[in-house]
Structures are given as structure tokens and as C-alpha cells.
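Chemist: Top line first, the protein sequences correspond to chains A and B. Read in the working numbering, the first sequence has 116 at position 116, and its numbers run on one by one without any break. Read in the working numbering, the second sequence has 1100 at position 100, and its numbers run on one by one without any break.
Simulated crosslink set (EDC-like; lysine to aspartate or glutamate; CA at most 20 Å straight-line):
1) B/Lys1140 - A/Glu48
2) A/Lys98 - B/Asp1142
3) B/Lys1524 - B/Glu1513
4) B/Lys1172 - A/Asp63
5) A/Lys95 - B/Asp1142
6) B/Lys1050 - A/Glu348
7) B/Lys1050 - A/Asp263
8) B/Lys1172 - A/Asp53
9) A/Lys72 - B/Asp1142
10) A/Lys92 - A/Asp66
11) B/Lys1050 - B/Asp1253
12) B/Lys1050 - A/Glu17
13) B/Lys1365 - A/Glu338
For the record, the hints were derived by calculation from the structure and aren't laboratory data.
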Amino acid sequence: MLAPVHHILPLTTIVRERLLPFKGRVIARLNQKVSSTDIVAEATWAREHVLLDVARILNLTADAADKLIRCKVGDRVSAGAVIASGRGLLSKTVKVPKEGRVTAAGGGQVLLEAGESRMELRAGISGNVVQIIPDRGVVIQTSGALIQGVWGNGRVDTGVMINLAEKPDTVLTAKRLDVSFRGSVIIAAQIRDAETLQASADLPVRGLILASLYPSLLPMAREMRFPILLTDGFGSMPMNSAAYKLIATNAKHEATLNAEVYDRYSGARPEVIIPLPVSSEPAPPRDVESFAAGQAVRMRRPPMTGTIGSIVALRSGLTTLPSGLRAVCAEIKFENGEQALVPLVNLEVVG
Amino acid sequence: MPASLVQGDSLLAVDVGAATTRAVLFDVVEGEYRFLAAGSAPSTAEAPFKDVIEGVRDAITSLQLVAGRNLLDGNRRLITPSQSDGSGVDAFVSTLSAGPALKTVVVGLLSDVSLASARRLAETTYARIIDSISLTDHRKPDQQIDALLRLRPDMVIITGGADGGASRSIHKTLEPVGLAGYLLAPEKRPAVLFAGNQKQDDEVKELLGGVTSELHFSPNVRPSLDTEDIEPAARELASLVIGVRRRQLNGVDVLQTWSGGHVLPTAYAEGRMLHFLGQVYGGTKGGILGVDLGASAAVIAAGFKDKTVVGVYPQFGLGENLPALLQYTQLEDILRWSPLDISTGTLRDYLYQKSLYPSSIPATKEDQTIAQAVSRQALYLAMQTARRDFPLSARPPKAGLLPLFEPILAGGGALGDAPTPGQSLLLLLDAIQPVGVTTIILDRNNLLPLLGAAAACNSLLPVQVLDSGAFQSLGSVVSVIASASYGKLVLRARLTYDNGTEARADVKYGSLELMPLAAGQSAKLTLQPQRGADVGFGPGRGGTLAVSGGAMGVVIDGRGRPLALPDDPVRRRELIQKWLLTIGG
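Go ahead and model the full structure; you've got the sequences and the hints to work with.
Modeler: Below, the structure is given as C-alpha cells:
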């Protein structure tokens, strides 16, 4: 059976697409070295649209109104500009309420886009631009450690990691946060109150790497302007040992925290990327494996949710579980020496 | 002799679910179509696979092992037609429920007329309504355009206007859809179904033709103000949904090729079977009920003599949408079904954690208890939502209860995969709360939608397979409508077996009673409800009827309708434990 893979890798080649949500201009050049905060592409977009029903205002048919409309698609019009006026001594005029650009005209109507905004797309990770995607963005490649998470609040930033989690289940409190942590990415296994999240925002920090968070704190976490990534899940789960070891040993290194929202269809996942120097390009991560004895695996569900174990043996046929369900299982040995039978669908390979 | 028997076509049917892909083989045995074997594998619509065909091939490979017949060649391509060495199949059909719920905008004229019909139409498929536009919408057209640009719907359902009626109003609602489509990049434009005034089809084509990803037309869902006809539009919507999935999910194209275009949304295919069964077996007072509880949605399909109601509720699915369940229910309402003392915090964590891994299964007893409590509440809510659309002709025996359903067919991972038949049955009784006498049938292999899909290319196959015992009867259930104090006698029952022997039960309020009757056997059941109690013949009225057996025999549910659980949590948990023990959980 094919196995999903959860990446916790000390050294790998990481390739990431960075794309604008709509057409724009790519600024970065092929083979350019970029840092995570560099702007690689930009675009402008309209915050709102204004529909002017010229025919209705002038009380004309659509065809008649079209003949009176003085602007065409692409024209920039300023606020108050007259774009059509009726005939006769006491004729009405149609004025533009806001500055904008004409995006459509016809059928007796004019559609403007107004409130133009500029969007800047940052590199997100430090590395080399290995591909330009015209009008949309770039592909960046780097080498380093990669730790995937299970939940992210949609933000991205880069900073030096500070480890405030002495153990994988250390709870961070507001008291622990002082001004020396400003601008850092904080490694903290758990936060259990809104006060600590608020204290992180007040500093502000550049990011939070957590093992788990209470679901009741998720709405607040989504509102934070810095990235928050959960490595393991919801509630009060400790950080899995593989992620904890890797993150903790790389403390004081710069890391990019891309707390992208998990999209199971596109494969986008929140992740921590720690760029590291290499003499030769390491192997890229493998997205799919086949289950096999000896593999390190992570539990997706009880018992021992989130913990790391290794496959001792794969059972053939169906095995009856304590829940009463029957499933294809593997015998798992956990780091504390305990063993359990776990359905393969509840496992993901760590690698 | 029917043409299909002359040809002796074998048929491979595959259901691609959000979590699991199932492959089922049907073939002719001794002159009649039979369900031969099933195989399953995790679905692969999601990353890292991003191609449904991988899961389909794995499910077929698993099926090959059971059936002892090669269906894929060395390059994992489907062997078709069947070969002289016994390999391959003659026909292939598929159903599909994988994929995120489709972001849907409904457009109509009046909110309680055409817009309500558009909503009901959207509920026949895997849709999540994210906005609605109507004449009563207070937003300006440019605000509606901005909303559409921000929400980026996958599909738009437009209704409005009686056939031949006024057209200017509809034009007003079409404008924002057309202009938003014009502004969106071609690959982001929504698919549109127009199910309104048929006279305006040409105008709609002219306005929206070039600014949608695909434009479909169906007969008007509201041909006149007081007439609603969802079914023809639902058929067109099913076709549109597959079109959207072809763009969203890799591999759907291959399924279309293998099946010659016979890919249907799972819920639509199930509804089609229920429609057929409702017409054949639906009584004047009630109908046939199909429930399916899976990762992508809860599906309720009810076939009545004059109408089929299909409700697809992604918000009650047990997969990635699970945390959203809390928008419709309280944690305490879910935990009322649990026989174990579980905290609300544990349950909340469970809902979020399970949403990360929809295909995972409960391995521990506590996890299974939580999973079943969640399933009960999700199915209960889906039933309560669906019954709003049941026809007035299907009158329940008492206000607030369901009409009579005979039989009730249940499928989907949460129901078909329960550890014991008793657990499946108790879950269904708690969540559906049927009334009167009914047979409950478990569709362990999710055959029902596949038979609905197969019907399009072989009309004989579904009929013969339904009669062949491919479904597991859980038993005949008598649900007593009563409200009494716990322990008070509500019903006397006597089961007379074919050999003349008898079994008797005095059913007390709050209890479940089992009377043995093996699958395939039948017996006569005489019911004598006590004063005020009703088993479908009317309050206090008794009668004798023929019943068939099943895994649990004849089950008498004396817990009353609606089912009222004790408020005291300790007493409630004890009672649920007792019911579970009674029924073999």
C-alpha cells in the first residue's frame, strides 16, 4: 500500500513555486539569488468595481446610450469626469464617482475598476530562482532542513529561531516573552491562552512554531499578522520527537516559516525551511513511499497521536483492532518501547 | 430474453469517494446478474497523488485478488471487452464524490420562490452555497460583482421566471454574473446552470455564453409559481458537476473514457436508484429511504410514489468539513450519544484532528465511541434538514416525526464499516428514528449508487442484483411511537415462525427487544400496542404482518418517538450501554 509522507528532513533540496493569484509582472531574473523578503513579482488589482448604467440614467435604449458614451476600455478616468451626456438643453450627464480604469463598456453600461492596489509577492525562502513563470511568478530552489506542519494561519516570514521549549510539551506563557525575543521566530511547544498569543503579537515576533493549539484559539491565531505553524495538531499534543530534535538543534539559525493553509488537493502545507550550506545538492524529498518494516512513522490518530514510531512488521490480511474495526495493520514500536497494532491508514511515513 | 442476458455483459463499477475508492464486479451467474466481488483502496484525488486513477487502479487490483480475475493489463490499463481467458470486463461505470464541496452561488428572483428552488437544486449535489443574488438583495450590482470576484464560485445556479413570464427581472440578476465572468481569468470562470424561464435561454446564451467555463440549460425548476420540478434540472446539474470535476481533478477524464461518459455524482446515482425503488415499492403513505454517511457528505435520498427528494449535505460529512459541524450543533448534543464520559474538549480536539486525516479510522474503543457519537449527530441533523422537503402526501403518523419508510437502505463508510451489525443498526435507529415497521438494509459495499450508474447502460442489472441478496438485511424493526414513563409496558409482540413455534416479548418503554429471525427466514408478527402507543396502525391499534429476518432478527424499539434521552448524564450513559449490550455492540 502506498504511504503518504510527512517531511521532517535534516537536509534536502527544496523547490517551491511562488505565484501571484492573478497576472502581474515578474521582477526576479533567472538564476538570481534571492532572500526570503525580496520581492519577486508584483501586480495591481482593483479593490472594487463601479457599474454605471448610462442607459438607465439618461433614460435611453442601450444602443442609443452606447453612442453617447465617451470612454473606451482601458481609458483612465478621474473622479467627476463626464463619460456621457444626453442631448437637449436640460440634458443629464453621467459622471464618474471615483477615479478608475474602464474595464468594459457596452449595452448602455460602463464598468470601472477603482481603488487600485499593488500586490508584492515576496520570495518566501532564500535560494536561487531556477524558473520564471511568465506573468505569474518564479520557482525557487534552496537546500536545508524541512519540517512540515499540519496547520498554518496563512502568513509567511523569516527570522532567527529561538527555542523556548525545553521539552516537546513545554507550555509557553506570556511571562516568558520579553523584548529580547522581538523579531524572532519562537519555538514553543504549546500555547494555551489568548494572553500569550497577544503578547507574541505585541512584541512582535516574526513567527511561532507550535506543536498544537486549542481549537478555541484558532480564530485568534488566524488574525495574527505573523505566521503560526502547528507541527502536530489540535488540543495539547506535544511536538513529535523528530520535529522537535530537528528544530531545536537548528535554534539560532535563520528559518522561513511559511504557515500556508493546508490544502489537501494542491498539496500546499505549512512548513519550516531552514536554509543550510551544502557542498553538493542533496536528494529532494519523496512524496510517496510504500510501507515497509524499519520505516519511521507518525501516528495520525489514537493511540499515541502525533508520536513517532517504527514499523516492526506489516501484518498480512485484516486485523481486528480494539475499536472492533478490521483493517490492514502494522506492528509499531514507539520510542518508549511500547508496541501497538496500528491501521496503515492511520500512519504516515516520516522522511 | 432480455438483450443484456443474451450479451452476458460483465460490468465493473467504481465509486471514487473522498476517502475510499471502491471497485465492484457484476456478472451473469446462472442466467442472472449477481454482485461477485468488491475491492477498495484509499482515494488519490488529493496530494501527493492528485490523480483519482491511481486509487481506482489500486481498488481494481484489490478486487482482482478477491475475484481471481484480471481486469487490468500489465500496464494497469483496463482490459475491455472481456477476453476468452476470463480476463477483462465488457462495461464500466463510475460514480464520484471526491473533491471539495463546490462553491456555489444561487441566483433567483424572489427569495422564497425561485431562489428557494435554486437552493433545493444545489442541495442535490456536493455544493456549498456561498452567496445568493435575488431581487431582494440590497447590494448594488457592482457590489454583487465584487462579491463574485472575491468568492470565485465553482458554479452558479440561475433560476427565475415562470415559463413564458416576464424577462426583465431575470436580466437584472444575470448582469452581475456575466460581468464577473468577464472580469475573471478564463480558467477561473464558473460553470453556470440556467434553470429558469425557458423562453430566455437564447438571451442567457448571448449574455453568459462567452464568460463561463461551461453553460448548461435545463427545464425550468419553477415552470409556474406554484409548481416545482427539480428532477430534470438535477440531471443537468449532475452533468455540470462532472464537468467541473474534470477540470478540478486529474483522472476524471480517464474515467469518462473508460465508461463512455457514464460517470455520475454518487449522490445523483443513489437518488436515481431511490427514485426507481420509490416508484416500484413506495406506498401511498410513505416511501423508501436511502442514507449514506461518508467523508464528503451526508446524503439523504427518499423515494416516494410521486416525488424523489435528494439532499446532499457536505456540512454533515465526516471528513475535512468536520469542524464546521459545530456551526449546526453543540458539543453537548454530540456527546449525548456517547456511552463513555468524554469531555467537550476531547471531542472538539477530535473534530479538528479528524478533519486533517479524513481517511483515518478509529483504532481505540474511546476513539470509536466518539466517532459513532459524531456520526449519529451528523446523520440526525441531515435527516432533520432533509425532511423539510418531503412531500405533504408523505404524512407522518404524528407531527414532528418521519413518515413511514419501508425499507431503509444505509451505506457509506460510517455505517457500513461499523464493527458489528448491531452497532450499525443502533446508530441508524438513533439518528433516523424511523416509525412503524420497517426493514433496515445495510449496503456494505456501497452498491446502491453504482447500481444507479449501471442502470444507464444496463437496466436489467440493478433489478436482478437488488433481488439477489447482495445487501445485508439488519432485520425488521418495529419502532413504537409512545411517550410513557420508563419501564411501562407499551407493546406486546408475538412472532410466529413458519414451523409454528412462537416467541413473545413484552416491550417496556425505554427498552430494546430482540426476537431471533435469521436472514432469509420469514415469520408472522402480531403486535398489540398498549393504549396511546402506535406502531403504524394508529394509536392503540394492533395487527399482524409478515416480516423477514436479518442479522439482528426482529428488533422492537420501545424507546419512543421522538427519542428522548435522559438529561442525567450518568443515567443516560448507563442506558446507552444497556442498549448497546442488548443489540450486541
